[in-house]
Amino acid sequence: MSGPLLSVRDLRTHFLTRAGVVKAVEGVSFALDRGEILGLVGESGSGKSVTGFSLIGLVDPPGHIVGGSIRFDGQELVGLPVQELRRLRGRRIAMVFQDPAATLNPVLTIGTQMTLAVRAHDGVSERAARDLAARTLTRVGIPEAAARLDAYPHEFSGGMRQRVAIATALLHGPDLIIADEPTTALDVSIQAQILAEMRALAKESGTALIWISHDLATVSSLADRVLVMYAGRIVESGPVGAVLRAPLHPYTRGLLDSLPAMAAPGQRLNQIPGSTPSLLSLPPGCPFAPRCPRATEICRTDPPRVEPPGRLALCHHPLEAA
Amino acid sequence: MSEVLTAASVTRRFAPRITLGDRIAAALGAKVDRRPVQAVTDVSLAVRKGETLGLVGESGCGKSTLGRMLAGILPPSAGEIRLHGAAPMRGRHKTTTRIQTVFQDPYASLNPRIRIGEAIAEGPVAHGLVTRAAAPAMVADWLRRVGLDPAYATRFPHQFSGGQRQRVAIARALAMQPEVLVCDEPVASLDVSIQAQILNLFLDLRQELGLTCLFISHDLSVVRHVSDRVAVMYLGRIVEIGEAGRIYAAPRHPYTQGLLASVPKLVLSGDPAASFRPIPGELPSPLSPPAGCAFHPRCAKATDLCRQERPPLSPREDGTLVACHHA
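Chains A and W, in that order, give the protein sequences. The working numbering applies: residue 1 is where the first sequence begins, and numbers increase by one. The working numbering applies: residue 1 is where the second sequence begins, and numbers increase by one.
Isolated chain W (complex conformation) (with noise of 0.2 Å):
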């Protein structure tokens, strides 16, 4: 399979805003904490033609973060995001528009003074994709293919419930006609009969239009549902990415092992406790990453190496990369 949107060694840091009342607190005395923050260390990942990949790990692991600079949205701080081959921010043939994101807030992502029927047709009309006497029968003709009814063009955000907002937001980042459809945490925010609705509505879409997703949520479970290939990220670093089914079957790094432990399951029957299981600790501050391998400090299997040595991203015989000495 072709490799569609590539990351490749991306590493993206955050240098603190210092501002006024930081510098007072310096000059009188205080410390003031500069060190930047390194969200995403040298990650390199391949989004292929027509799958889509899932993105988990917990907050603060950079899933977000990577997720926008393969949107495009982010310029990495070192490392290159490259579409079919080529920097899509760089020179004349500017393509980040063949990226397209749904985020979490569909609140946020919509102008509260806009009506949708604008905000649908706004991106289309100035990429010339079509004619501003077109459009709203393309805007129709997606309010439709969402699930909402065309007569909603002249509303505004505020007049629709979330998942009916998540519903505009998913239209009017395909009316775009993108190769690549980045979602970040798309359902998070919805209740679970909407999430249902919501989930079943890409699951529809994304078979329709043969589309190529990133799919980034904290929802072990949704991105199981949706996913074809699954990256699971801890600290900035990918630390075990594989065909989903594996991964969820038999997950080899023991990050993922207990992850996938300590969601809590539906128990129908038998003990309640056995139904999940926490892993011990917290998690490490991005600021001062542990040595060695990040996870060693919550790792059952951890020995003198894991606290030394970082253990490189390796594939194993059925495919599956996994960074970690003894997995």
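The shape of chain A in the complex, shown without the other chains (with noise of 0.2 Å):
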């Protein structure tokens, strides 16, 4: 128990298409505690997904990580085998998707494929999967799990898919739970339903997790800390209420100021100007100065260097932190 669970140094995730070099992940870094909870924000095209997909090798070609270095509990991903990676997913990394309808395989019941999880890594005998099964459902809040085992994905509704997908994770207690969207694709009173879940599963059982999402409100709900992506690079990190109470960098804080909820009803939101910048022909400087208030000649001509970790804004004329 000695260092963070998990280390990304430098990672740099491209795909390499016939128009050109899509470098989706620029030089990001930062390291993640046991238990923690990482909230990583971002609008799409930010890289926040790729980051998530590289961290366990499931990146497809045309894309590849071409530099950095994963450490997971002191042992480098990067590079590593598939059949070893094989062995670390699922056990102790699991991932859970947007879409739970894409992650199920509708033509299996549910009791099948958690058990078919359990045996991939347990040796253990059918009738032992199936109980750990029915037990893992339970904990994330189905109802009659042991009889809900013979059911068909189809059989259940978004909400309570979402919740097998997360307790398919949960079956060999993880180190680590990367979660892209979990909520998006559910209805608000299942989406609360959910955290609630996931907040209090991580408190419990000591599993650090990835929260990957463009909803700031839901990470300020769950996160310990946060990461603001933009452009495949980390812009802004930090406690994540000291990062939403006064954001540095100029894209969080307007990032925050678009929500409506910043702002009295029927009142112009703060919008930011422009939109994202194609990851193919990004500006020379910093990525975001075409859209930035602060801009001046420094940022369209030199990329902002990353300030060592803590509190950290990639920008070379931060905001007052409060």
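In case anyone wonders, no lab produced these hints; they're calculated from the structure. One or more hints might be untrue.
[As the list claims (entries may be wrong)] What the simulated footprint calls covered on chain A by chain W, stretch by stretch (three residues with Cβ under 8 Å from a Cβ of chain W suffice, anywhere in the stretch; the number is not a length):
| # | segment |
| --- | --- |
| 1 | 10-17 |
| 2 | 186-197 |
| 3 | 206-217 |
| 4 | 220-233 |
| 5 | 250-263 |
[Stated by the list, open to error] Over the 10 Å line for every Cβ pair with chain W, so calculated as not near, a few chain A residues:
| # | residue |
| --- | --- |
| 6 | Glu43 |
| 7 | Pro62 |
| 8 | Val78 |
| 9 | Pro81 |
| 10 | Glu84 |
| 11 | Arg89 |
| 12 | Ala102 |
| 13 | His121 |
| 14 | Ser157 |
| 15 | Arg268 |
| 16 | Ile272 |
| 17 | Pro273 |
| 18 | Leu280 |
| 19 | Pro293 |
| 20 | Leu319 |
[To be verified] Taking lysine to aspartate or glutamate and the EDC-like style, the derived pairs with C-alpha atoms no more than 20 Å apart in a straight line are:
| # | chain 1 | residue 1 | chain 2 | residue 2 |
| --- | --- | --- | --- | --- |
| 21 | W | Lys265 | A | Asp215 |
| 22 | A | Lys203 | W | Glu80 |
| 23 | A | Lys203 | A | Asp224 |
| 24 | W | Lys31 | A | Glu155 |
| 25 | W | Lys265 | A | Glu181 |
| 26 | W | Lys265 | A | Glu155 |
Glycine included, C-beta positions come from ideal geometry on N, C-alpha and C.
Put the two chains together into one complex; each comes in its own frame, and the hints tell you how they fit.
Structure below.
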């Protein structure tokens, strides 16, 4: 139990497309302790999901990890053979995706899928695996779990399916769960149930959680620390309360001001002008400079340098911390 | 305030399509469910001149079906939609063009093979609002008003980003000079920063044109931001309708209370656990809605009365209408 559970240094994941090299993740560094909940926020194309997929080697060609290091519990994952990665996936690092309908196999019962997942890593009997599956389903709030094991995914509602996906992720008591927009497709009342359960599960099991989301509000109600991504880079990171109370990076400020909750009803929102840049043709300096109200000459020519970790902002002109 | 667009006890049922596969399955002895789904049941409401009425609810509550009936796209199974007191879909003077719609998915609502200038001009030219000769100038004007370069008129939809496409959809709807604009989840598929731009555009144009709007969304904070009045739907019926500020500050119906409490708020300090509170249970299937009040299985205040008798939507002293025995 020495050092962080996960330590990512200068991770670079690029997609080699016909149109050019898409630098989806460009120099991402962060660390995660055991039991910590880390929120990873950003808009579409910011690289938040690709970062999550890179951690467990699930980036499909033409995407490749072209540089950097991912150390998980002391073991280097970049360059690890697929068989070795497979032994980690599902057992020590689990993933929950946005669309539970795509995660679950429609022609297998929930029980079959979950016992397969158990027996992929543990040589236990069919019966013991089913027992574990039923117990885990009960933990995520599925009533009469033993009976529901014989149901097919289509017999479950969207919220229940996502619970099954979460239960499957929990089967082996992983050290780390990576959840990619797990509540985005759900209704608010169901989202709240899942959020409350995830928070309780992370607390009681000591599982570290990376929560990838575009929604600042859910991240603020769940995470300990937050990373804000823009154009493949982490532009700001820190304790979630501190970052959202007094963001240092103009992009984080703009993202917060874009929320209707931050303005009086009917008043114009303080919008960020323009749109996210194409990753194929990023400006030479700071990628946010064309949209930034604080940008100066240096922002257009020199990329801002990464400051040491802690409270970080990738910016030549950070806002004052309150 | 005068009522522009009204729904009078509208109901909409969808009968399941019986496919060949279903028929074979039935012949082999399988049970095929032929019950119709009642998406909207006995809803009456009015959109008043110059106001924005927000319509909120979770998936399957019937908000989009109600919106499509109000827009004149979908005929009700029972009841009537009226524009200024007349049925817009009948008679010699069809007035459905007076109501225009902006949908969630700007990818699906624009024909990929038609240049966006043509897409914007098509309706107004067909209905004689503008001559073909004057159309390009009108298109340029609308593109400018929604914040796009008039030179984009010759581009195809795939050459635009999601936010730009939604701007095109808004331009196309408004070029018809509608009296009522129905927006169905217009910002749901957009990123936060783009959503803010589109909401600002909506607020600006609404003020400039004095539009009457129905704004449908599952996002409670977006609806709060744009609406004067709000209607909350649950399982095909309106459970609460009234002035937006009042409903958000002091919701009366237990479902409205639960819905508002279940949305995570931005936690800047204090206990994040207090940021939201889930509603227990799940949405019942619209195929077999619970007897009495449809919300009673999930409601903490439910009594025997709620289990047996459906509460009518009735007025309270401040003008809010609530369908609850205990609120």
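Quiz item: Which numbered hints are broken by the structure, listed smallest first?
Solution: 1, 6, 14, 15, 16, 17, 22, 26
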